[in-house]
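This is what each chain is made of:
Number of protein chains: 2
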Amino acid sequence: MKQRINRQIHLVKRPTGMPDESCFKVVTSAMPQPVKGHVLVKTKFISVDPYMRGRMNDRKSYVPAFKLDEVLNGAAVGEVIESESKSFVKGDFVVGNLGWQDYFLADEKEIRTVNPDIAPVSTALGVLGMPGLTAYFGLLDIGQPKQNETVVVSGAAGAVGTVAGQIARIHGCRVVGIAGSDRKIKYLIDELGFDAAINYRAAPNLGLALKEACPNGVDIYFDNVGGDISDAVLSLINNNARIPLCGQISLYNETQIPTGPRIQPQLLTHSALMKGFIVRNYAARFDEGIRQLTVWVHEKKLKYAESVVDGLENAPKAFIGLFAGENLGKQLVKVS
Amino acid sequence: MKQRINRQIHLVKRPTGMPDESCFKVVTSAMPQPVKGHVLVKTKFISVDPYMRGRMNDRKSYVPAFKLDEVLNGAAVGEVIESESKSFVKGDFVVGNLGWQDYFLADEKEIRTVNPDIAPVSTALGVLGMPGLTAYFGLLDIGQPKQNETVVVSGAAGAVGTVAGQIARIHGCRVVGIAGSDRKIKYLIDELGFDAAINYRAAPNLGLALKEACPNGVDIYFDNVGGDISDAVLSLINNNARIPLCGQISLYNETQIPTGPRIQPQLLTHSALMKGFIVRNYAARFDEGIRQLTVWVHEKKLKYAESVVDGLENAPKAFIGLFAGENLGKQLVKVS
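Those protein sequence lines, which keep their order, are chains S and R.
Using the working numbering, the letters of the first sequence map in sequence onto residues 88 to 423.
Using the working numbering, the letters of the second sequence map in sequence onto residues 88 to 423.
Derived by calculation from the structure, the hints in this document are not laboratory data.
Each hint should be verified, as a subset may be incorrect.
It does not matter which identical chain is used: a pair holds within one copy or between any two.
In silico DSSO-like pairs for lysine-lysine, Cα to Cα no more than 27 Å straight-line [claimed, not checked]:
1) K233 - K147
2) K298 - K147
3) K129 - K112
4) K112 - K421
Only a predicted model underlies this, so the values are computations on that prediction, with no experimental measurement involved.
Model the full structure from these sequences, guided by the hints.
Structure (structure tokens):
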């Protein structure tokens, strides 16, 4: 029987502030064969996600911290190459928390099939996966968009932001994106049909730029980034505004508790709602979400972009790049 | 016909920071007679409320700013002494925004009857008025208390806090109050049945005291005060916590935008909801609220305290006293 060598990316040091490549290490080992009820999966694409930064700290959060000297656990898509399961056959594409590695031995209950005829299998990590569902439930369940309302999305050119903004467009909202490069701004407006988009790195006065882009104030702020950008948006909220808190990427690498203007008075005087969420809160409705997102993708109402880095060994670099905003759309690592 | 002299408290100067008595002035004038559809009301009690501080600033909020050199507009209870209305007769007690003055000429549409047989008429400004309704809707609609959850109330000994805490008790919650004097703490525990109460001025470490009082974390934080106290409570929230923002009295006299630790990461990682509200959002349900509050008062499940200052001319002092936490329960000014 063929003996396969598996490469894994381990977390070998907890980052302080911005992670660098010394926190990660490639470790090789022999890959065992699947036992009954299991399959051997060959990784095609792995997903690098901002939320993983939180798991690199040694503290309690909504998911357990990553352990040191173990494979980094994260979503990936792969192909079944050996099956001892009745649910999967060789050649099936599957998605699951396969981790940052070449091969994965999966319990049949840990993975689900991805149909390559519906869309490229990589989309199971993006628009038709967790990021898409995150945008779907955060915007619709917490944001509750209504026709002609103004929706601001920060991190607008990322995996979640692109979807959130387009769903808001589908619901007849005026959509304003905030992102960090002119290329992203152009993409949001020209390709995704955002009504306006602001490069926060280039705007001499973000507050003023937002005010011009939101002449009727802000009804929904879909927040992926936090920090100063959010301060500027919050100063423009209308009465009964809704603020789904999806991410706070600008703060993930802070080494001290970040401070800023207190927001409660602003929420109070505008009867505004702010709600944090994680996509797993909506697990019971994932099927509904995927179904609707798939329809929109087929109808070309929902477009998506992917930034692909080649080679498992480059996963740490791709992950670190998220914090510099290098990705347009979903950041993936192509493994095989 | 008898010519009555009316005293009014005018706002003559907008306060910077903490208001002082030089911002207010007693002005006298002759009182005209009511015309058709109107009544002449003699003020019994006026209400001084923390939210009025915001209206003393010259900026847009959810209610318009008070105008200078006009009578301060606020809730009051009075007795109809002359009526040109078919809806009211002499001797009726009424509540409305009568203002800080001895007499008020009211359009019959601006006031509603208070039944003195149900409870002392002063309660129409407290437990059976806006403060009671504020607690009722904020706690029940936003807080959504469930049996055995832990509810923390700041400003717990105030007009709203006392009611919010007791409604939480009625719903089977563990209730922890935060207030600013030992007398208040004793009242909350001994009279109102709070499970625990903390004097934030005396606690050497508020965070530690809260942790001890909330061994199972915090599910609902009914926030009347904001600032450092809220920071301490927010650090203890559980997943899916709800935070009705009712007031931020600790910040009302700030002259610069107050800063503090950013709270979005904490809300995000706990899927917590924070929502500002004003009681008027629930105007369509006021009857329901008053009915239920009245039942609880009659059943002795809902107790109330009033702090009464005597004399219209002392209304400014009573108002200023709110910010020093001088009141236990509802702060009233007895006018006649």
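We went through each hint and held it up to the structure:
Within a single copy, K233 and K147 get their C-alpha atoms only as close as 36 Å, which misses the 27 Å cut-off; across copies the closest is 25 Å, which meets it. Within a single copy, K298 and K147 get their C-alpha atoms only as close as 38 Å, which misses the 27 Å cut-off; across copies the closest is 17 Å, which meets it. Taking the shortest alpha-carbon separations for K129 and K112, only the intra-copy value of 20 Å comes in at or below 27 Å, while the best inter-copy value is 81 Å. For a Cα distance limit of 27 Å, the shortest separation of K112 from K421 inside one copy, 18 Å, qualifies, whereas the shortest one across copies, 75 Å, does not.
In summary, this structure violates none of the numbered hints.
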